[in-house]
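4 protein chains.
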Amino acid sequence: MFKTAIIGDGYTAVELLRLLAFHNSIKAEYILSLDFAGNPVEQMYPNLSGYSDLICVKSDIGLLEGKCDAVFLALPHGVSAPIAKQLLDWGVKCVDLGADFRLKDVDTYLEYYGLTHQEPRLLEQAVYGIPELYREDIKRAGLVANPGCYPTSAIIPLAPLLKNGLLDKQPLLIDSKSGVSGAGRELKTGSQFCEVNEGIRPYGIGSHRHEPEIIQELSRATGSPVELYFSPHLVPMNRGMLSTIYGRLRPGVNEEDVLDCLKEQYGTEPFVKLLAPGVMPHTKWVYGGNQLQIGVYVDRRNGQLIMASALDNLTKGASGQAIQNMNLMLGLDETEGLKAPGLFP
Amino acid sequence: MFKTAIIGDGYTAVELLRLLAFHNSIKAEYILSLDFAGNPVEQMYPNLSGYSDLICVKSDIGLLEGKCDAVFLALPHGVSAPIAKQLLDWGVKCVDLGADFRLKDVDTYLEYYGLTHQEPRLLEQAVYGIPELYREDIKRAGLVANPGCYPTSAIIPLAPLLKNGLLDKQPLLIDSKSGVSGAGRELKTGSQFCEVNEGIRPYGIGSHRHEPEIIQELSRATGSPVELYFSPHLVPMNRGMLSTIYGRLRPGVNEEDVLDCLKEQYGTEPFVKLLAPGVMPHTKWVYGGNQLQIGVYVDRRNGQLIMASALDNLTKGASGQAIQNMNLMLGLDETEGLKAPGLFP
Amino acid sequence: MFKTAIIGDGYTAVELLRLLAFHNSIKAEYILSLDFAGNPVEQMYPNLSGYSDLICVKSDIGLLEGKCDAVFLALPHGVSAPIAKQLLDWGVKCVDLGADFRLKDVDTYLEYYGLTHQEPRLLEQAVYGIPELYREDIKRAGLVANPGCYPTSAIIPLAPLLKNGLLDKQPLLIDSKSGVSGAGRELKTGSQFCEVNEGIRPYGIGSHRHEPEIIQELSRATGSPVELYFSPHLVPMNRGMLSTIYGRLRPGVNEEDVLDCLKEQYGTEPFVKLLAPGVMPHTKWVYGGNQLQIGVYVDRRNGQLIMASALDNLTKGASGQAIQNMNLMLGLDETEGLKAPGLFP
Amino acid sequence: MFKTAIIGDGYTAVELLRLLAFHNSIKAEYILSLDFAGNPVEQMYPNLSGYSDLICVKSDIGLLEGKCDAVFLALPHGVSAPIAKQLLDWGVKCVDLGADFRLKDVDTYLEYYGLTHQEPRLLEQAVYGIPELYREDIKRAGLVANPGCYPTSAIIPLAPLLKNGLLDKQPLLIDSKSGVSGAGRELKTGSQFCEVNEGIRPYGIGSHRHEPEIIQELSRATGSPVELYFSPHLVPMNRGMLSTIYGRLRPGVNEEDVLDCLKEQYGTEPFVKLLAPGVMPHTKWVYGGNQLQIGVYVDRRNGQLIMASALDNLTKGASGQAIQNMNLMLGLDETEGLKAPGLFP
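Residue numbers (my numbering), protein chains in the order written: chain S, 1 to 345; chain C, 1 to 345; chain X, 1 to 345; chain D, 1 to 345.
Honestly, the hints are just simulated from the structure, not real lab data.
Certain hints may be false.
One copy or any two copies: either way a pair holds, since identical chains are not told apart in the list.
[Stated by the list, open to error] Here are the simulated lysine-lysine pairs, DSSO-like style, with alpha carbons at most 30 Å apart: (1) Lys169 - Lys85; (2) Lys273 - Lys58; (3) Lys188 - Lys263; (4) Lys188 - Lys273; (5) Lys273 - Lys339; (6) Lys67 - Lys339; (7) Lys85 - Lys139; (8) Lys27 - Lys188; (9) Lys169 - Lys27; (10) Lys188 - Lys139.
Work the whole structure out from these sequences, hints included.
Below is the structure:
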């Protein structure tokens, strides 16, 4: 049984605890929290009542020395870097659910997050944590940058098509819709029930932090810069993310080629599901589960491609993928702790 | 006081009654219903309790002869055409909230609605009812085809830009998100609470009936065929529609040109509101009101345009616009009955 | 045209602006706000865009001297008292939507609100603002204490039954369910979307501030102390309040007596609607409107009474009732500005 | 590995499949469906995509002869009785999630369900399936009547108090609030999204089918007839049920006695959780899990008791409890397949 600690107390932290509650090989031994130190987690998150007897400890990384094999960093942006440095020095495996190790370019990080990176030297060794694309690297990694929820929903469907040259002219357009838990538990007027319920709105068009992350990873997949626009929208639901993706196929490429390409890349993947032709995904079909579902539409007249991908932003979009990565890093079965299907309804 | 009848008993019918309840010049004298004949409307829709003492009468058009000046047809597709014919013969003004008179081409109508048009000769005299674009025609019309909710949300922001040649290469992409009332009151598994709540999904991509309607009207605005893709999505909310629209500006055209063009077209319109630069609309800002709000983003580097429009699918997207049209047809103040702002929250 | 000011910027303030937007005799001339001073209200609440060109002014009561006939105080508890004192000295009519003048007993106020009352002498002249019970007093009042939403939903159905001695043994039980806007716009973890959506919970049982208010008013109606329990619950919806009320009829009293008693009290009231026997109210039937609807069930075997009342907590439960009160205070038609039916769906 | 079949295709059926997906000792080998015969379950419920490769077979009980050890009946009322008879004759263990074996009195069954019972002789051997109260009987049972969701939420908190004579005068009042999945997947106007969302309403007061079931079981617990009123309400959420329960303690009984009594009954139960004094449950804390949580409030002045219980109507209120019962009937660990905590948020 590997011993692990969770640093943080937000929605991704409670989701980690939920999923680890029935993990056979990883045990959450510690949870570090600024606000809840001294209190049982079941008081902070009573859904864990009876499932976890952990007591939150104060957010002091020193407490973990020699105590655990692996750590999940579920912290605000900018805080993880020095902590990760210390943990890696102790030989502890780290998955960072925040953004600190996602962007390889510190200037882009500074531009989008307003922060000077504290540990730029770690960026090189940090592996971008999409197991379906970088499984072998992740197995060998000490530090994994767990992707953002939006990037996961965009990169998984697009990367194989770009890598194999199936897409033609740019820009790609990614119109994404997210449930509110993606905004975290931090108090914000825009996250209050009455400000969200019974409405939908775009936000962060042209400036969202996940845009450079998507561009970086898709450019890496193709080997040349990708042009794209990413428009996130806030939907009145707790969980769920849907990305509707628009592109144009290269002349001569058809729907079957797209399906074949995705099947070749993901056909045996436990957590990526290509839907039958004509079927588009619904976020309710992956609610609480770790699956990403993809639907494909192609206009045969001109190769216009419309894909949609659905995931649960807290599982495959965050904590589920983090456990998937950690399983790989620790040499475990990748699906351990993630086998439960989603809830319906 | 003009006397009017409503034929139909779904959500657009109750919305007409709500708005007409405090209209100073039009009175709903009759409501015809298949299912509720003999019952007071306040039993069918108790929100009208105390505001309307109408009794539903059976759906027999003969009852209306010589009894009213104007009729709102709030009926399933395919049913309105012969009724409109009769009413027009009697000299009664008609606004049809259904689809029967929207598509000018009976073959397209047959393809998308599966019906042979019953009164093709009326198509010529039917005016497409977007007052902000066709006000003078509507004033003179006997029959107005009230637009679909999706087309309203797409055509109003796009028509002036196309007409004035600001947009470059095609296709336009319209990614729309709708509340559930747009699907009507008809029983469907896909409209049951538990099938919708806590999820978002695309539907009808490549086959939605509003796609040819948008194409028809935008092609008419430009004078040449417009290529576009329209992707509707179902959002877990009662009311509200948001269309996120993607296009590319012609070289040399910039954000200011777009704003100027929209301002010139809509600057004095009571029901179209261009938001300040950098502000994107929220459907909650138009909830229950008759306003359509537009936000504009342009990437200065390359002229990529992202617009979003928001409306309430039951008011500006249906019954509010129908009353706006009827006001014009009857020579009344266009804003009569539509002056109330939306609710928040 | 009476000139009025609104002091406050929360949900009851925007609801006042919405309702006053089409009031024929009262005009909102000023809105005072701590946080939004200098900004147009349409920026703070864009649903008012195009309907109000008011600019928020700073929260300095001196600005209002000689400038208005009437003021709505939409402020946090404890802040209104000295402001009301000043306004009354200037001869300005005041409706206080907060709690400062509801409880007649300053010790109870201290116990439940943790505040020493600043203007206890005003308590005597403050009239409790339920027009259906205290209309004549309100007409003559300079200061009206606008009731809490929960008390309105409980007092209107119960007061006539108690006054007429129809109810037997105590305690009464009031199980209330409220939408989230009742909690205001203040940032609270418990009001964040993800903490509320997809759940229901009781709160404040045995300690809610509205319990002594209900007891005070119902005891006044009977002339002797009333024993009751009040259990509020938070429901995942923006607007709406339902109170399910349990009592026992005195021997010999039956359902017809209850209905007659309520009919006698409210039969001609524009904003209280007694539903047909067997029909229970739905909060959706009063959404956005100023109506309170009552349904009655009596078990004939033993006189057990179960009533349910529904209202919109922001209209009849707050701002609508405040305008109803102000209309009376200013000698206007009581229904002015409140004639619009609620929205459905 | 025990082989089991599910007969039915509604929400409780898909919930059974979800929970059995990671059950170590029971395997769902068959699912019988009228509407989906011939189709994979993952097409009917795509949340099971990748987790179940079952194909629905036609609803012909004969197919199951000699093929399975246990059957879950998830059928409309009135259909289960003859099927259960056949299965029992074959020696197959049955849990009926419908109402056919809950009421011991066929006249009451006729009155509330409008049906003459087809197999009255089976009623005697059917065990009412609340493991926390009837565990030993369930272990020996061939047929278990799985309780209604409302009765589960009422009986578990009340039975020990009644059995031990802690409660005084009657009637008990049970004010229950349910998510919409409790109404099943059957098409009904009252279950359509727009008719439910943004509202709350009572229904079935004085006539709900779960009232005689609660009375039967609580009377059995006390050994004498219990008087109570049960008021169900529909809440705009998919899952979750909260019952607020009002009673009066006998003179001399206090809050500690209540807590002790519940602790003694349920202190070691894996699925019943007594919350700390002052804490009331939230349905979100049991969302998707099999736990029932209880909070207790007592007014020390007079012994007024207010309890609230929360559960997920599809797990502990239906399919979870059914599996708990089946585990007992098959001699398995009672918590098998039910160990996962609920989701939050």
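Enumerate the violated hints, using their earlier numbering and listing them in ascending order. Violated: hints 1, 3, 8, 9, 10.
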